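Participant: Each chain, written out:
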Amino acid sequence: MSRKQKKRLGTILTVVAVIILILVLDIGLITNLLTAFKSPFTISSSPPKWIFKPTLDNFRNVLGKGSFDFRLYLWNSFVIAVISSAIAIALTIPAAYSIVRYHGLGDLILGSTMLLRLAPALAFAIPVFLIFNRFKLLDTKIAIIFMHTLFITPTSLLLFIGYIQDLPLEIEEAAAIDGANTLQILSRVLIPVLLPGIGSTAILGFITSWNEYLFSGILAFKKSITATVGTSFFITSYAVEWGNMAAAITLSTIPTALFIFIAQKSLVKGMTAGSVKG
Amino acid sequence: MKKVLVALIIVAMMLCIAPSAFAADDMYTVRMVYWPGPESDAMDVVLNYWNENKAEEAGFYVEQELFGRDNIMLKEEALMAAKSSDVDLFFTASRWLGKYWMHMEPLQPYLDNPEINIYGADTEGRIPATVDGFRWLDGTLYGVPMDLSNHFLYYRSDLIDELLSNEEWQATYKKIAMEQLGKELEPKDPADWTWDDYLAASFFFTKAYNPDSPTEYGNFTHGKVMGPTAFLWTNCYWSFGGDWFDADGNVAFDNDAARQALAVWKTSFEKGLTPESSVNGEFAEDNEAMIAGQCAMTVHWNAGYATIDAEDSPVHGKIKVCAPPAGPEGHFAYNHTLGVGISKYSEHKEEAARWAAWLYTDEAAKLYAEAGGIAPSKAVLEEMSDQFPVYGYMVDVLNDCGKNLPPTAGIIEDMACGLLADAWNGVIDFDTALSQLQAEATEEMSYWQ
Amino acid sequence: MKKKKIVGILLLLPLTIWLVAFALYPILYGLRLSLFNARINNIDNPTFIGLQNYVKLFSNSEFGQSLLWSLKFAVICTLIQMVLGILIAWLFQRSFPGKGLATTLILMPMVVAPFLMGTMFRLLFNESVGPIAYLLSGLTGTTALLGMAWVNPTIIGADTINRMPFVFINMYSAMQGVPQELLEAATMDGANAFQKLIHVTIPTISSIFGITFLEKLLQSFLIFELIFAMTAGGPGTFTQSVSIFIYRRAFQRSDYGMACAASFALALILLVPSLYLVRRNTKGDK
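Protein chains in written order, with our numbering: chain A, 1038 to 1315; chain B, 16 to 464; chain C, 241 to 526.
Treat the hints as calculated values from the structure; they're not laboratory data.
Careful, some of the hints might be misleading.
[To be verified] Ranges between beta-carbon positions, derived for each pair:
| no. | chain 1 | residue 1 | chain 2 | residue 2 | range |
| --- | --- | --- | --- | --- | --- |
| 1 | C | L253 | B | E78 | 27 to 35 Å |
| 2 | B | E326 | C | S377 | 25 to 33 Å |
| 3 | A | A1217 | C | L253 | 15 to 23 Å |
| 4 | B | A262 | C | I316 | 49 to 57 Å |
Predicted model only: the values in this text are computed from it and were never measured.
Ideal Cβ placement from N, Cα and C applies to all residues, glycine included.
Same shape as in the complex, but just chain A:
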């Protein structure tokens, strides 16, 4: 086998492996997608049907059901998730840099952020509600953004500590010799090399916010309901409206998938930056 053939075989094997992986990992989403196109009694047929006459009823219900405004919920989720993860990243990169390179006070902040991460957030439901009630911020996106930022912060702080730690110190030292100050080092040297990390942290932050259920639900009434909370309305007092819920989940994966697809590009771009500088 020539080298070229070998390489091609390797690529084919990789693609096959990746396809199998995707099928296994996304099994929940795939079966959920099928469910979204099933009528109630197709859903309840035993054994489950794989081939059936698809129906769009579920999507129609989700998009046009009385006071249920799923488009608004999707929009809210999107805005909240983008802003929350952006704020969290802006807050944690300098903090992580300080903790890794300067120690000192950083340990205290690290400790308290970790505390935030470790206590089940549920315990703060009442006091958080009290605060936002006092400032008349209930049912606003701002309140939810504040909370989501808090939830994203601990993980992204830790991750940036990890990423910065793994960077070779020489890059910064070279820049410092050239007379760059800390801010310049951060923005001109560090951020480009950190790009893959920023990309993945942004994706994770976005997902954390998009998926957050409890606080979004408690703080929202009508105007600022998120897609996750809106979807939970299909879990009713007794039954679960499976078809509608599957359709709502399917619809809400589309914007997130697009966001991830775009954000993950930075993962690859960072590689070139990293290999040049490293």
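Given chain A, put chains B and C in place with the hints provided.
Facilitator: This is chains B and C only, laid out in the frame that chain A set:
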């Protein structure tokens, strides 16, 4: 180029999903917390009717605020703790009133005030037990019962008919009953069943004990750790003479009635009379199993009927309901009511009260029932039983043997379902579970007196 | 030296302000409440009971059991997911057509809230009608995946599908930063692909590896929504994670004093080992 395209798609998507602005109006809008699902769909119809036809006369609109089943009460509790005036009416269930009455406004004075109650509505139209469900122990009325639920024994009438006419089946039935329960039992009409008959029939319709059984399992028993599961068991507990509280209002679980009732439940799980995964099953799982034709009977909520016996259901026309089986004390059918009450912290109590008064009218009850909600008005339910046969069955069963839990039951609901589930799943033995439940529930109640 | 210190503090300032503004009050409020009997009926006027909530918590045998369950669950899930995540990230170091799409699809299981996915899993793993249950029945021999015998593996599997992508994306983006020269040098030395992974790649990304490990461990330890939706901790208390214990013990009983006490107790129990792991990482060989 590709990037620009993707960006364009995103912008286009955002524009599509961007919300349209809401129209503003001068009139106040009363806000009511309500439970999403069939209840809120029905309420939507009532609200639309109100906002179009009644709002002007009354002077305000009404809207509902929804939240998913599992956290709706947490959200309400946050509103209560914050003394928030954001909502004017709270959602509650009759069994939860004991937890929340102190945050709600007594309703009777408003109903008695003709300036507020311009409809002359009174509580007479509702089934008395459901109105009483919204009274605290001292008799004060706190809400409007809106949606009634109860338990039935569901059974596959085609299979039971066969059993009652096929001699070969009857012989097998007697043999299995003798083998498994050590009792001489004859096949009977499910309306006359005791829990022994229920178990015997369950054995008979389980393939593992009767290879000729048309169904895989005899029954579906709800086992998930959640309050409603404990309520289903309560039918059995009552029929053996027990109750959650004794006559003096003290917790009463550590008794023989509880052991006997637990034994019935445990038999189903331990002997595999119910699907294996029903230990984590509840309403939805029960529906799926019945529709799939896997089980011959189940003690289940009335709300399941519409789905299980729907036109296009494979078991349509083969499902009948009656009161849950009897014990030494006879038949009992659990029921409870969901409803709304005025928030103590509302700044528009009079409007909220006018709305609540209107909800008590038969006009509102009928609108609600026509939209699929089960308004607990006897007249409306009976009138509509042609259209929705299950309404008629509900009235019958509740007349015969309806019983509800007191408003304090919600306080110990969670510990009851946890320990009872541990007991019937065999995680811990009956004595430990019941004595622990007795002690914990008694202590918990002491904080709520 | 002094200037350096000031810069360090200035960099911390935005995060500190944010934490003080939004986290301090809830935490203090919660701490205070944990010393009170504060249920929804007396939340206006709670009674001070000192450390009684904490005493009650630690004398409850269910608390210990649920801690143990969570620990076992966390260790098993973390091991499975770290190994899988690293292997997949490693596979993705090769270039192949459609990689961007494939990366997105691998991450997709994460984009559905665990609470919603857990609820859907009730249908998808349903004994009578569940498509996944039927697909797996060839392996398991039964469709009763939520029955007593299979419920633990099912939850572990569901969590792995749901949270493994977290490991993958961290490892993948960290591996992008590994200098090509290092890997080429190892190839020269005759190392095969797997040896390069163990001896070059992982040591180079050791910090992010450690952080991911810690985060994953905590995520699994504190798991709530997925299990709550699928089994609510049942049958009985069979799959009761510590977060579910707290939810049931405190929130479903509207006992806010206990809710806060349990949350702080748990946070403190976890804080020491977590900080140790972070420190070990940050003060490593660099």
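Participant: Hint by hint, note whether the structure agrees.
Facilitator: Checked hints:
Judged by the Cβ atoms, the range 27 to 35 Å given for L253(C) and E78(B) is violated: they are separated by roughly 43 Å. Evaluation of the 25 to 33 Å hint for E326(B) and S377(C) yields a pass: the beta carbon distance comes to about 31 Å. Distance hint check: the CB atoms of A1217(A) and L253(C) are about 21 Å apart, consistent with the given range 15 to 23 Å. Range check, A262(B) to I316(C): about 50 Å between beta-carbon atoms, so the 49 to 57 Å window is met.
Hint compliance for this structure: hint 1 is the single one not met.
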